[in-house]
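Asks: Letter by letter, the chains look like this.
2 protein chains.
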Amino acid sequence: MQITLDTPLDMHLHLRDGEMARLVTPCSARTFAGAVIMPNLVPPVTDSAAMRDYAERILQAADGCDFRPYMTLFFKNQTRQELETALANPLFFGLKLYPAGATTNSEGGVKNLGETGTTLHLMEEMGIPLLIHGESHGFVMDREQDFLPVYRNLATRFPKLKISMEHITTAAALELLDAHENLHATVTLQHLLITLDDLAGGMLKPHLFCKPIAKRPADRDALLQAALSGHPKLMFGSDSAPHPIHKKECCGCAAGVFTAPFALAKLAETFATHQSLDNLQAFVSGNARRIYALTPPDKTVTLVDTPMTIPAAYRGYGQEIVPMDAGHTIGWSVA
Amino acid sequence: MQITLDTPLDMHLHLRDGEMARLVTPCSARTFAGAVIMPNLVPPVTDSAAMRDYAERILQAADGCDFRPYMTLFFKNQTRQELETALANPLFFGLKLYPAGATTNSEGGVKNLGETGTTLHLMEEMGIPLLIHGESHGFVMDREQDFLPVYRNLATRFPKLKISMEHITTAAALELLDAHENLHATVTLQHLLITLDDLAGGMLKPHLFCKPIAKRPADRDALLQAALSGHPKLMFGSDSAPHPIHKKECCGCAAGVFTAPFALAKLAETFATHQSLDNLQAFVSGNARRIYALTPPDKTVTLVDTPMTIPAAYRGYGQEIVPMDAGHTIGWSVA
Numbered sequence: 001m002q003i004t005l006d007t008p009l010d011m012h013l014h015l016r017d018g019e020m021a022r023l024v025t026p027c028s029a030r031t032f033a034g035a036v037i038m039p040n041l042v043p044p045v046t047d048s049a050a051m052r053d054y055a056e057r058i059l060q061a062a063d064g065c066d067f068r069p070y071m072t073l074f075f076k077n078q079t080r081q082e083l084e085t086a087l088a089n090p091l092f093f094g095l096k097l098y099p100a101g102a103t104t105n106s107e108g109g110v111k112n113l114g115e116t117g118t119t120l121h122l123m124e125e126m127g128i129p130l131l132i133h134g135e136s137h138g139f140v141m142d143r144e145q146d147f148l149p150v151y152r153n154l155a156t157r158f159p160k161l162k163i164s165m166e167h168i169t170t171a172a173a174l175e176l177l178d179a180h181e182n183l184h185a186t187v188t189l190q191h192l193l194i195t196l197d198d199l200a201g202g203m204l205k206p207h208l209f210c211k212p213i214a215k216r217p218a219d220r221d222a223l224l225q226a227a228l229s230g231h232p233k234l235m236f237g238s239d240s241a242p243h244p245i246h247k248k249e250c251c252g253c254a255a256g257v258f259t260a261p262f263a264l265a266k267l268a269e270t271f272a273t274h275q276s277l278d279n280l281q282a283f284v285s286g287n288a289r290r291i292y293a294l295t296p297p298d299k300t301v302t303l304v305d306t307p308m309t310i311p312a313a314y315r316g317y318g319q320e321i322v323p324m325d326a327g328h329t330i331g332w333s334v335a
Numbered sequence: 001m002q003i004t005l006d007t008p009l010d011m012h013l014h015l016r017d018g019e020m021a022r023l024v025t026p027c028s029a030r031t032f033a034g035a036v037i038m039p040n041l042v043p044p045v046t047d048s049a050a051m052r053d054y055a056e057r058i059l060q061a062a063d064g065c066d067f068r069p070y071m072t073l074f075f076k077n078q079t080r081q082e083l084e085t086a087l088a089n090p091l092f093f094g095l096k097l098y099p100a101g102a103t104t105n106s107e108g109g110v111k112n113l114g115e116t117g118t119t120l121h122l123m124e125e126m127g128i129p130l131l132i133h134g135e136s137h138g139f140v141m142d143r144e145q146d147f148l149p150v151y152r153n154l155a156t157r158f159p160k161l162k163i164s165m166e167h168i169t170t171a172a173a174l175e176l177l178d179a180h181e182n183l184h185a186t187v188t189l190q191h192l193l194i195t196l197d198d199l200a201g202g203m204l205k206p207h208l209f210c211k212p213i214a215k216r217p218a219d220r221d222a223l224l225q226a227a228l229s230g231h232p233k234l235m236f237g238s239d240s241a242p243h244p245i246h247k248k249e250c251c252g253c254a255a256g257v258f259t260a261p262f263a264l265a266k267l268a269e270t271f272a273t274h275q276s277l278d279n280l281q282a283f284v285s286g287n288a289r290r291i292y293a294l295t296p297p298d299k300t301v302t303l304v305d306t307p308m309t310i311p312a313a314y315r316g317y318g319q320e321i322v323p324m325d326a327g328h329t330i331g332w333s334v335a
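Each protein sequence line maps, in turn, to chains A and B. Mapping of the first sequence onto my numbering: position 50 corresponds to residue 50, and the numbering continues sequentially without gaps. Mapping of the second sequence onto my numbering: position 286 corresponds to residue 286, and the numbering continues sequentially without gaps.
Just to be clear, a hint being listed does not mean it is correct.
Since the list gives no way to pick out one identical chain from another, each pair is judged satisfied if it fits inside one copy or across any two copies.
Said to hold, decoys possible - In silico DMTMM-like links for lysine to aspartate or glutamate, alpha-carbon gap of 25 Å or less:
id, residue 1, residue 2
1, Lys233, Glu175
2, Lys111, Asp198
3, Lys111, Asp197
4, Lys247, Asp325
5, Lys76, Glu115
6, Lys111, Asp47
7, Lys160, Asp146
8, Lys205, Glu269
9, Lys247, Glu320
10, Lys76, Asp17
These are calculated hints, taken from the structure and not from any lab test.
Bound conformation, chain A alone (with noise of 0.2 Å):
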């Protein structure tokens, strides 16, 4: 069995910066057409300049790959004028709104909605797209739930904001996704397929650990079942996120979890065993392509019912990553 994805696009990706971004770029940017590219740097990536230079360094990273990284800037009430010279960009994708200290790198992040009501306006007005990490501060496990409300808020005051709930982990968000027009969503590999059972059930796994945490079986399940089906709504973000060996295996676990390399195999073998694979174009890059209008770079990319092993950790430029399922075999890899 095989099957030809064409433009496959991930729409929420880490790759953070300087030698590891050197290593983790070109395990995107061999298998997908493109990324949505996280601006969480230290410091974040608040304006066009630094954007700019960051494009720029992701496409030397690339290798040779044909890869558009689709930048965003960190939401920072930026003004009309920094708007514009955003859009001036044409690698210029949206804004990423972190809620203050929400999740890795997000301290500056907004600490008070109710101020960002300019540049929402300004945004609705200008067409460019709002990319939300949806959680609330309070109970680790009820933060996404608690987040919804804010997000009906938004999708109801400004109806032409293209507005996209990043890795949701509930089905409760699912609702709300079909709830208003203009919400969208994406989801990542991990939350199709793990609960907080395979991070906390058995022995504690680090490297299953990210924020929004993994939730219960319902929710992966009522996600699963939207991914398989193609709902026209969901579209993948790995939010792929390479930490460090010694930030995962240590006192103090970072969040994130690495798929990058492997997720197109692994998101095949899933549509398949689920007899679902006629929905993973749709998935992968169609829907995006509908929903923002994008025109990737022309790549195909085939995957084939040949199994392969996860390797234990990703090396190289003196970095160490775990991935997900390391060491583990999967069913499909990329032909």
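Given chain A, put chain B in place with the hints provided.
Replies: Okay, now just chain B, sitting in the frame of chain A:
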């Protein structure tokens, strides 16, 4: 401020065996008059000869401290004769029942609770307490609540059997405790203090990972209030469980939090903070002595509000254990 506690008891303690037991036994024996010793060694302590030998090793490891190990047998549908032999040992305390696979070294536990009736009838008749690790095999946050109907059923079917719900973690378990005269419970230090947020709400903290997993704020608050109020059926049981550092800070982290050396100091601080010091004696000894008619060795421990810093690690006999709150300073210490 200070408090002198008579015969402090730890009603749920893991000492392991060999070099590890030599390192950790004095950590408990220095401040506690006695402790209920868990039988989940490899292989588990299922018969009286193994129990006698294990008790001897513990007494040797106690290094001259006056310390009573209240020994338990791993529940294995023991016969009348096996129970009579156990009762002949004055250190024998009761049977510990593990659902198979529920926690560390419990693979040989009970697979079918329906087949335990004969032994439970004997225990009821012979006055032998039953201690239960009460978790289902369901979703990790629901396991204790899922198990409550089993407690209810046993408490009703065996009204004279003293049943202890070990290391309870939920408000629901507390409610059940009040509903049946023959139900009692232990609670750990960490479950009075932490929630899942402390384990996984920020960075992932392997040294706060235990079974049952820490629950919601409302659960933690209910447990703390019950302990502070001197709830007459709630006993301190640390569930202090040493794991070598390489089994905590690695790809798969074992469940267990090590608190024994400073548990009384931290409890004193906690009770003092809430103006409840008067109820600490009941929680750490009085309730257990009354419930089980225990006569531990005479021993008093005085705690004072002089700060101490929890070591980064406890080392010795080739072992290294990282405790809860390693490197943190707490407000009380042993005088």
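Asks: Compare the structure with each hint and give your call.
Replies: Tested hints:
1. When the C-alpha separation of Lys233 and Glu175 is checked against a cutoff of 25 Å, the pair qualifies only within one copy, where the shortest distance is 12 Å, while the shortest distance between copies is 44 Å.
2. For the identical chains of this complex, Lys111 and Asp198 are inter-copy neighbours only, at 22 Å across copies versus 32 Å inside a copy, given an alpha-carbon limit of 25 Å.
3. Proximity of Lys111 and Asp197 under a CA criterion of 25 Å is satisfied inter-copy only: 20 Å between copies versus 32 Å inside one chain copy.
4. Taking the shortest Cα distances, Lys247 and Asp325 sit within 25 Å of each other both inside one copy (17 Å) and across copies (19 Å).
5. When the C-alpha separation of Lys76 and Glu115 is checked against a cutoff of 25 Å, the pair qualifies only within one copy, where the shortest distance is 10 Å, while the shortest distance between copies is 63 Å.
6. Taking the shortest Cα distances, Lys111 and Asp47 sit within 25 Å of each other inside one copy (19 Å), while across copies they are farther apart (60 Å).
7. In this homomeric assembly, Lys160 and Asp146 come within 25 Å of each other (Cα to Cα) only inside a single copy, at 24 Å, whereas the closest approach across copies is 46 Å.
8. Taking the shortest Cα distances, Lys205 and Glu269 sit within 25 Å of each other inside one copy (23 Å), while across copies they are farther apart (32 Å).
9. When the C-alpha separation of Lys247 and Glu320 is checked against a cutoff of 25 Å, the pair qualifies both within a copy, at 10 Å, and between copies, at 21 Å.
10. In the homo-oligomer, the alpha carbons of Lys76 and Asp17 lie at most 25 Å apart inside one protomer (21 Å), although the nearest pairing across protomers, at 57 Å, exceeds that limit.
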